[in-house]
Amino acid sequence: MILLNASHFVGKGLHRECYIHPDNDQLCVKVVVAGDLSESKREQSYYKRLQKRGISWDILPRFHGQIETNMGAGAVFDLIRDVDGEVSKTLEYYLSCEHLESTENPGISQAISIFKQALYRQSIITMTLSPKNIMYKKTGPHEGRLILIDNIGNSDFIPICSYIDSLAKKKITRKLLRFEKTVLKMCAHNKALLIELGT
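Position 186 of the sequence shown, counting from 1, maps to 172 under the working numbering, and the rest follow consecutively.
There is no bait here: all hints are sound.
No more than 30 Å apart at the CA atoms, straight line, and that leaves these computed lysine-lysine pairs for DSS-like:
hint, residue 1, residue 2
1, Lys102, Lys75
2, Lys(-2), Lys38
3, Lys123, Lys167
4, Lys157, Lys38
5, Lys161, Lys34
6, Lys(-2), Lys75
7, Lys156, Lys34
8, Lys102, Lys161
9, Lys102, Lys157
10, Lys177, Lys167
11, Lys118, Lys167
12, Lys118, Lys171
13, Lys157, Lys27
14, Lys171, Lys157
15, Lys27, Lys102
16, Lys161, Lys177
17, Lys156, Lys171
18, Lys118, Lys34
19, Lys102, Lys155
20, Lys75, Lys177
21, Lys156, Lys102
22, Lys157, Lys34
23, Lys156, Lys167
24, Lys27, Lys156
25, Lys155, Lys38
26, Lys38, Lys156
27, Lys123, Lys75
28, Lys102, Lys34
29, Lys157, Lys118
30, Lys118, Lys27
FYI, nobody ran anything at the bench for these hints, they're computed from the structure.
Please work from the sequences and hints to get the whole structure.
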(Lines of atoms letter the chains of each structure in order from A and count residues from 1; the text may use other names and numbers.)
(Lines give C-alpha, C1' and ligand atoms only; values in the text may rest on other atoms or scores of the structure.)
Protein backbone atom coordinates (compact mmCIF):
# COMPACT_ATOMS: atom_id res chain seq x y z
CA MET A 1 0.00 0.00 0.00
CA ILE A 2 1.23 3.50 -0.80
CA LEU A 3 0.67 6.55 1.38
CA LEU A 4 -0.73 9.70 -0.18
CA ASN A 5 -0.71 13.09 1.52
CA ALA A 6 -1.27 16.77 0.78
CA SER A 7 2.26 17.20 -0.57
CA HIS A 8 1.37 14.85 -3.45
CA PHE A 9 -1.91 16.60 -4.35
CA VAL A 10 -2.33 17.70 -7.98
CA GLY A 11 -6.01 18.46 -8.48
CA LYS A 12 -9.60 17.50 -7.86
CA GLY A 13 -12.58 16.66 -10.03
CA LEU A 14 -16.20 16.15 -9.07
CA HIS A 15 -15.67 12.67 -7.62
CA ARG A 16 -11.94 12.04 -7.59
CA GLU A 17 -8.68 13.59 -6.43
CA CYS A 18 -5.37 13.22 -8.21
CA TYR A 19 -2.00 12.79 -6.50
CA ILE A 20 1.57 12.44 -7.72
CA HIS A 21 2.66 8.83 -7.18
CA PRO A 22 5.07 8.98 -4.22
CA ASP A 23 7.38 6.37 -5.77
CA ASN A 24 7.33 7.65 -9.37
CA ASP A 25 6.83 11.33 -10.15
CA GLN A 26 5.97 10.52 -13.78
CA LEU A 27 2.76 8.85 -12.64
CA CYS A 28 -0.36 10.03 -10.82
CA VAL A 29 -2.93 8.23 -8.69
CA LYS A 30 -6.65 8.96 -8.88
CA VAL A 31 -8.72 8.13 -5.79
CA VAL A 32 -12.47 8.42 -5.31
CA VAL A 33 -13.45 10.97 -2.64
CA ALA A 34 -17.18 11.35 -3.41
CA GLY A 35 -19.65 8.76 -4.60
CA ASP A 36 -18.84 5.16 -5.46
CA LEU A 37 -16.33 3.44 -7.73
CA SER A 38 -18.69 3.16 -10.73
CA GLU A 39 -17.07 6.03 -12.66
CA SER A 40 -13.58 4.61 -12.19
CA LYS A 41 -14.72 1.11 -13.13
CA ARG A 42 -16.39 2.39 -16.31
CA GLU A 43 -13.29 4.42 -17.24
CA GLN A 44 -10.92 1.50 -16.63
CA SER A 45 -13.11 -0.87 -18.63
CA TYR A 46 -13.02 1.56 -21.56
CA TYR A 47 -9.26 1.99 -21.22
CA LYS A 48 -8.82 -1.78 -21.55
CA ARG A 49 -10.89 -1.66 -24.74
CA LEU A 50 -8.64 1.11 -26.11
CA GLN A 51 -5.55 -0.90 -25.19
CA LYS A 52 -6.87 -3.87 -27.17
CA ARG A 53 -7.48 -1.57 -30.14
CA GLY A 54 -3.88 -0.39 -29.98
CA ILE A 55 -4.54 3.36 -30.10
CA SER A 56 -1.60 5.77 -30.33
CA TRP A 57 -2.07 7.42 -26.89
CA ASP A 58 -1.31 10.84 -28.40
CA ILE A 59 -4.23 12.48 -26.59
CA LEU A 60 -4.73 10.20 -23.59
CA PRO A 61 -2.51 9.29 -20.64
CA ARG A 62 -1.75 5.59 -20.36
CA PHE A 63 -3.47 3.56 -17.62
CA HIS A 64 -1.10 1.49 -15.47
CA GLY A 65 -3.53 -0.47 -13.32
CA GLN A 66 -4.75 -0.19 -9.75
CA ILE A 67 -2.97 0.06 -6.41
CA GLU A 68 -4.06 0.23 -2.79
CA THR A 69 -3.55 3.55 -1.01
CA ASN A 70 -4.32 4.92 2.44
CA MET A 71 -7.27 6.66 0.76
CA GLY A 72 -8.68 3.52 -0.84
CA ALA A 73 -8.26 2.00 -4.28
CA GLY A 74 -6.20 4.14 -6.64
CA ALA A 75 -6.00 4.14 -10.43
CA VAL A 76 -2.53 4.86 -11.81
CA PHE A 77 -2.02 6.97 -14.95
CA ASP A 78 0.75 8.90 -16.67
CA LEU A 79 1.19 12.31 -15.05
CA ILE A 80 1.08 15.01 -17.71
CA ARG A 81 4.11 17.28 -17.46
CA ASP A 82 5.43 20.11 -19.63
CA VAL A 83 8.81 19.92 -21.33
CA ASP A 84 10.34 21.77 -18.35
CA GLY A 85 9.07 19.12 -15.92
CA GLU A 86 6.28 21.20 -14.40
CA VAL A 87 2.85 19.57 -14.09
CA SER A 88 0.83 20.74 -17.09
CA LYS A 89 -2.06 23.17 -16.69
CA THR A 90 -5.56 22.69 -18.06
CA LEU A 91 -6.79 24.09 -21.34
CA GLU A 92 -9.32 25.99 -19.23
CA TYR A 93 -6.44 27.82 -17.52
CA TYR A 94 -5.03 29.03 -20.83
CA LEU A 95 -8.37 29.92 -22.40
CA SER A 96 -9.43 31.89 -19.33
CA CYS A 97 -6.11 33.68 -18.86
CA GLU A 98 -6.64 37.42 -19.31
CA HIS A 99 -2.90 38.06 -19.80
CA LEU A 100 -1.95 35.17 -22.06
CA GLU A 101 1.04 36.03 -24.23
CA SER A 102 0.01 36.40 -27.87
CA THR A 103 2.85 34.05 -28.84
CA GLU A 104 0.93 31.21 -27.13
CA ASN A 105 -2.12 31.52 -29.38
CA PRO A 106 -0.88 29.66 -32.49
CA GLY A 107 0.31 26.69 -30.42
CA ILE A 108 -2.97 26.43 -28.53
CA SER A 109 -4.99 26.74 -31.72
CA GLN A 110 -2.95 24.05 -33.47
CA ALA A 111 -3.17 21.76 -30.43
CA ILE A 112 -6.98 22.10 -30.40
CA SER A 113 -7.17 21.26 -34.11
CA ILE A 114 -4.91 18.19 -33.78
CA PHE A 115 -6.80 17.03 -30.69
CA LYS A 116 -10.18 17.15 -32.44
CA GLN A 117 -8.82 15.24 -35.44
CA ALA A 118 -7.24 12.57 -33.23
CA LEU A 119 -10.36 12.12 -31.11
CA TYR A 120 -12.45 11.58 -34.23
CA ARG A 121 -9.89 9.48 -36.11
CA GLN A 122 -9.35 7.10 -33.19
CA SER A 123 -13.06 7.02 -32.24
CA ILE A 124 -12.41 7.87 -28.59
CA ILE A 125 -15.72 8.32 -26.78
CA THR A 126 -16.14 10.74 -23.90
CA MET A 127 -19.00 11.52 -21.56
CA THR A 128 -18.28 15.23 -21.80
CA LEU A 129 -15.54 17.30 -23.42
CA SER A 130 -14.60 20.11 -21.10
CA PRO A 131 -11.49 22.35 -21.16
CA LYS A 132 -11.08 21.71 -17.43
CA ASN A 133 -10.60 17.99 -18.13
CA ILE A 134 -8.00 18.55 -20.86
CA MET A 135 -4.36 19.35 -20.15
CA TYR A 136 -2.25 21.55 -22.42
CA LYS A 137 1.13 19.81 -22.35
CA LYS A 138 3.76 22.33 -23.42
CA THR A 139 6.29 20.63 -25.69
CA GLY A 140 8.21 23.82 -26.49
CA PRO A 141 8.25 27.55 -25.67
CA HIS A 142 5.09 28.27 -27.69
CA GLU A 143 3.74 24.87 -28.66
CA GLY A 144 2.04 21.91 -27.07
CA ARG A 145 -0.60 19.22 -27.35
CA LEU A 146 -3.85 18.45 -25.59
CA ILE A 147 -4.30 15.41 -23.34
CA LEU A 148 -7.76 14.32 -22.19
CA ILE A 149 -7.57 13.21 -18.55
CA ASP A 150 -11.16 12.67 -17.37
CA ASN A 151 -14.71 11.69 -18.41
CA ILE A 152 -13.37 9.09 -20.83
CA GLY A 153 -15.70 6.30 -21.92
CA ASN A 154 -19.36 5.68 -22.63
CA SER A 155 -22.03 6.18 -19.95
CA ASP A 156 -24.96 5.05 -22.15
CA PHE A 157 -27.15 2.39 -20.52
CA ILE A 158 -26.60 0.24 -23.61
CA PRO A 159 -23.13 1.37 -24.84
CA ILE A 160 -23.65 0.35 -28.46
CA CYS A 161 -21.45 3.23 -29.66
CA SER A 162 -18.47 1.48 -28.10
CA TYR A 163 -18.90 -1.35 -30.60
CA ILE A 164 -20.10 0.34 -33.81
CA ASP A 165 -17.60 2.84 -35.21
CA SER A 166 -20.07 4.82 -37.32
CA LEU A 167 -22.27 5.46 -34.27
CA ALA A 168 -19.22 6.34 -32.20
CA LYS A 169 -18.18 8.96 -34.75
CA LYS A 170 -21.66 10.52 -34.72
CA LYS A 171 -21.51 10.79 -30.93
CA ILE A 172 -18.00 12.26 -31.08
CA THR A 173 -19.10 14.82 -33.68
CA ARG A 174 -21.86 16.02 -31.35
CA LYS A 175 -19.45 16.25 -28.41
CA LEU A 176 -16.93 18.17 -30.52
CA LEU A 177 -19.54 20.72 -31.62
CA ARG A 178 -20.40 21.45 -27.99
CA PHE A 179 -16.69 21.55 -27.11
CA GLU A 180 -16.01 24.09 -29.88
CA LYS A 181 -18.80 26.35 -28.59
CA THR A 182 -17.39 26.16 -25.07
CA VAL A 183 -13.88 27.00 -26.30
CA LEU A 184 -15.08 30.01 -28.28
CA LYS A 185 -17.11 31.29 -25.34
CA MET A 186 -14.19 30.93 -22.94
CA CYS A 187 -11.70 32.76 -25.14
CA ALA A 188 -14.09 35.54 -26.27
CA HIS A 189 -11.81 38.07 -24.54
CA ASN A 190 -8.82 36.86 -26.60
CA LYS A 191 -9.42 38.25 -30.11
CA ALA A 192 -6.06 37.02 -31.39
CA LEU A 193 -6.85 33.43 -30.37
CA LEU A 194 -10.30 33.65 -31.95
CA ILE A 195 -8.60 34.62 -35.19
CA GLU A 196 -6.22 31.68 -34.87
CA LEU A 197 -9.20 29.40 -34.35
CA GLY A 198 -10.68 30.70 -37.59
CA THR A 199 -13.67 32.62 -36.23
